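Chemist: Chain residues, written in single-letter form:
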Amino acid sequence: MKKNKLSTKQMIAWISVNYGVFLLAFFTLGLMDTHRMAVIANFVLDVALCGVSLILNIALFSPRHRISMAGKIGLLFVTLCFAAFTCFAFLMPENGIPPVLFQ
Amino acid sequence: MKKKALKSAATGFLIGCFACLLFSVLVSLRVNTGEFCFALPALAKAYGSELLAALIQIGVFSWLGAACGIASLFSESAGLGPAKQGAGYLVSLTLGMLPLAWAGRWHEHIFLGIFSYVVIAAIVSLLIHVAGLVRLKSDVDEIRKAIGLGREVSNEEK
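Chain order of the listed sequences is A and B. Last residue of the first sequence: number 102 in numbering that gives the first Met the number 0, and the count goes up by one each step with no gaps. Last residue of the second sequence: number 157 in numbering that gives the first Met the number 0, and the count goes up by one each step with no gaps.
Quick caveat, the hints were computed from the structure, so don't treat them as lab data. Remember, predicted model here, so these are calculated numbers, not experimental data. Even glycine gets a Cβ: it sits at the ideal position worked out from N, Cα and C. Treat the hints with care, as some may be off.
Output of the computed footprint for chain A on chain B, the stretches with three or more beta carbons under 8 Å from beta carbons of chain A [stated by the list, open to error]:
1) 17 to 28
2) 72 to 80
3) 107 to 115
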């Protein structure tokens, strides 16, 4: 079976697309805070996007990819930042932006 | 390596001082009282003295700048191997943020502290990456210029 390996540029493009979708989904679905399903869908989508981005970030650490260490670690930290933001917004009841998931 | 590290740290130190000044201007614009606040008002309030707050702010920024300079050196030293390179980069960046964590009292709000660390590390890393790209581009331009000059010289000789 032929292995489909993404190039460095493609991986960075996919990670950037994930970030864009994350921001778009977070603020679009965040406006529909009265629907509980929208909040749950927002949370699941955000977690999935963070997971996929994290996998791509870890794959980017392979020596095959010619990108500076600062770039690799920077992108990893951006993903962690989004993950922490998801945790902060949905799972910590004292924040309430958007409405907390498990009330 | 030591000489290079010192040079990078000194450059980072100066950039940190400039970043501190820029930060003060932004804070003054945000406060919008018509006066220039060198130190963050909350910091001055917390330490009870504007001079002490200003000294702490300069120290924090310049220390972070110097650590970022060393981190950028680690980022460029591909000969070290990925594990040593990554570890050196993260350690220098983390050490650079220790005074910031102390001044910002991150230990009082652990989650916010971790979030701040991740955000600052991401911003600094991306800035170091962009600076590296700009440096690489200027090096390539210099090489191209040199090749162009070489051609001109050889044409004149003919």
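Chemist: All hints are to be evaluated individually against the structure, with a verdict given for each.
Modeler: Hints and how they fare:
no.: 1; hint: 17 to 28; verdict: violated (count 0)
no.: 2; hint: 72 to 80; verdict: holds (count 3)
no.: 3; hint: 107 to 115; verdict: holds (count 3)
Checked against the numbered hints listed earlier, the structure breaks hint 1 alone; every other hint is satisfied.
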